[in-house]
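Visitor: Given next are the chains, with one letter for each unit.
2 protein chains.
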Amino acid sequence: MPNLLKQKNAAGKLIEFGMVRHLADNVAHRDSDKGERQSMFQGQGKILLALAQTDGLSQKELATKLDLTAQSTAEFVNKLVKKHYVTKEKSVTDRRMTIIRLTDLGRQTATDESSKIPNFLNVLTDEELDQLTNILTKINNSLYEEIDSSDQPSLFKKSQQVIKDHIRDWFL
Amino acid sequence: MPNLLKQKNAAGKLIEFGMVRHLADNVAHRDSDKGERQSMFQGQGKILLALAQTDGLSQKELATKLDLTAQSTAEFVNKLVKKHYVTKEKSVTDRRMTIIRLTDLGRQTATDESSKIPNFLNVLTDEELDQLTNILTKINNSLYEEIDSSDQPSLFKKSQQVIKDHIRDWFL
DNA sequence: AATATATTGTAAGGGTACCTGACTAAATAT
DNA sequence: ATATTTAGTCAGGTACCCTTACAATATATT
Numbered sequence: 009m010p011n012l013l014k015q016k017n018a019a020g021k022l023i024e025f026g027m028v029r030h031l032a033d034n035v036a037h038r039d040s041d042k043g044e045r046q047s048m049f050q051g052q053g054k055i056l057l058a059l060a061q062t063d064g065l066s067q068k069e070l071a072t073k074l075d076l077t078a079q080s081t082a083e084f085v086n087k088l089v090k091k092h093y094v095t096k097e098k099s100v101t102d103r104r105m106t107i108i109r110l111t112d113l114g115r116q117t118a119t120d121e122s123s124k125i126p127n128f129l130n131v132l133t134d135e136e137l138d139q140l141t142n143i144l145t146k147i148n149n150s151l152y153e154e155i156d157s158s159d160q161p162s163l164f165k166k167s168q169q170v171i172k173d174h175i176r177d178w179f180l
Numbered sequence: 009m010p011n012l013l014k015q016k017n018a019a020g021k022l023i024e025f026g027m028v029r030h031l032a033d034n035v036a037h038r039d040s041d042k043g044e045r046q047s048m049f050q051g052q053g054k055i056l057l058a059l060a061q062t063d064g065l066s067q068k069e070l071a072t073k074l075d076l077t078a079q080s081t082a083e084f085v086n087k088l089v090k091k092h093y094v095t096k097e098k099s100v101t102d103r104r105m106t107i108i109r110l111t112d113l114g115r116q117t118a119t120d121e122s123s124k125i126p127n128f129l130n131v132l133t134d135e136e137l138d139q140l141t142n143i144l145t146k147i148n149n150s151l152y153e154e155i156d157s158s159d160q161p162s163l164f165k166k167s168q169q170v171i172k173d174h175i176r177d178w179f180l
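If you read the protein sequences in the order shown, they are chains A and B.
Under my numbering, the first residue of the first sequence is numbered 9, with each subsequent residue one higher.
Under my numbering, the first residue of the second sequence is numbered 9, with each subsequent residue one higher.
Please note that the accuracy of each hint is not assured.
No copy is singled out in the list; a pair is fine if it fits within one copy or between any two copies.
Within a straight-line C-alpha distance of at most 27 Å, the following computed DSSO-like cross-link-like pairs (lysine-lysine) qualify [to be verified]:
| id | residue 1 | residue 2 |
| --- | --- | --- |
| 1 | K90 | K16 |
| 2 | K73 | K16 |
| 3 | K98 | K16 |
| 4 | K90 | K68 |
| 5 | K16 | K146 |
| 6 | K73 | K21 |
| 7 | K87 | K73 |
| 8 | K91 | K21 |
| 9 | K73 | K96 |
| 10 | K14 | K146 |
| 11 | K146 | K21 |
Quick caveat, the hints were computed from the structure, so don't treat them as lab data.
Model the full structure from these sequences, guided by the hints.
Guide: Right, here's the structure in full:
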């Protein structure tokens, strides 16, 4: 049986981490251009990330991959089109489908954004970095299991795959 | 100089952690009542948390503590009133002020929510829990510094204090 | 070939989290 | 007694998501 106090300690720190990160994010956004409130893991950012992995997906494919409704997907894609980050074109083989492609600007934005190493990792020693990586691996796997078991059968396996793909690509 | 590869590994895991947590949160919310999309660290949840620490604050005090505009604060408070989580009453000493107080229902919701230990910590050993706590302490402090130095002078010190207070209360 | 069904996408509308700007009401300062 | 500061409200806007309803295209069935 695990030590409850130690768990509570860690949980507290994790909650704190969540709150502080949120705060730090806000600060960062406040500094930069006013309109840029994209977190890269939500909404338009998610789309960009998915396309950076696999360009030329249909809206439906994007929706499925990212576990969004078709309507939300359409909304974000349209916003990205307005910003010239992606383009829409009707598929020739199946004219119901719309193919979404990154523009150069879009691709650059996606890779720029996702290749940043957070500053706060500079305060950790090599040993601590190893420990953290190891611990997060365990936690992430546990979360995947929780997601997988609790809800709709395999719908979320896809999201898991997107995340893992993204992480893999991130190292190249 | 820190090992860049190790940093990148850890950063990747951290990003993954962020994404997976987001996912897991969604799943959790989807299971429960449909209307309940509160993350406890945002909007209405933040207010509840602050009041659970110190009941009977004015709207202005809430806004300052939580680094929200007075307008956003008013919006969230009004929503909470509608849900019977808090009550509004004009202060007798200074009739410009509105005092916000938790109802029993509100207090219960706040404490219920914030006293949960995330399941995923069950997969860690005692040693790993210690390591994680230690690492997150360093990271959080680093983030506090970043926040503190980069932006408006001392506005964010208050937020830091709220978080720390919350964490402290969390152990009682 | 003609009709029925399934798939992709759009339109409209709603809810939550925030913000800015404009404006009262009450308290305090001059 | 007037001017200013402080607390709060109202209106309106953006981003993120969802649901319900509906049009167009593709495929399956008769």
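Visitor: Taking the hints in turn, state whether each one holds.
Guide: Tested hints:
no., hint, result
1, K90 - K16, "neither (47 Å within a copy, 33 Å between copies)"
2, K73 - K16, "between (35 Å within a copy, 25 Å between copies)"
3, K98 - K16, "neither (53 Å within a copy, 39 Å between copies)"
4, K90 - K68, "within (20 Å within a copy, 38 Å between copies)"
5, K16 - K146, "both (18 Å within a copy, 17 Å between copies)"
6, K73 - K21, "between (32 Å within a copy, 20 Å between copies)"
7, K87 - K73, "within (19 Å within a copy, 34 Å between copies)"
8, K91 - K21, "neither (38 Å within a copy, 30 Å between copies)"
9, K73 - K96, "within (18 Å within a copy, 45 Å between copies)"
10, K14 - K146, "both (17 Å within a copy, 17 Å between copies)"
11, K146 - K21, "both (17 Å within a copy, 10 Å between copies)"
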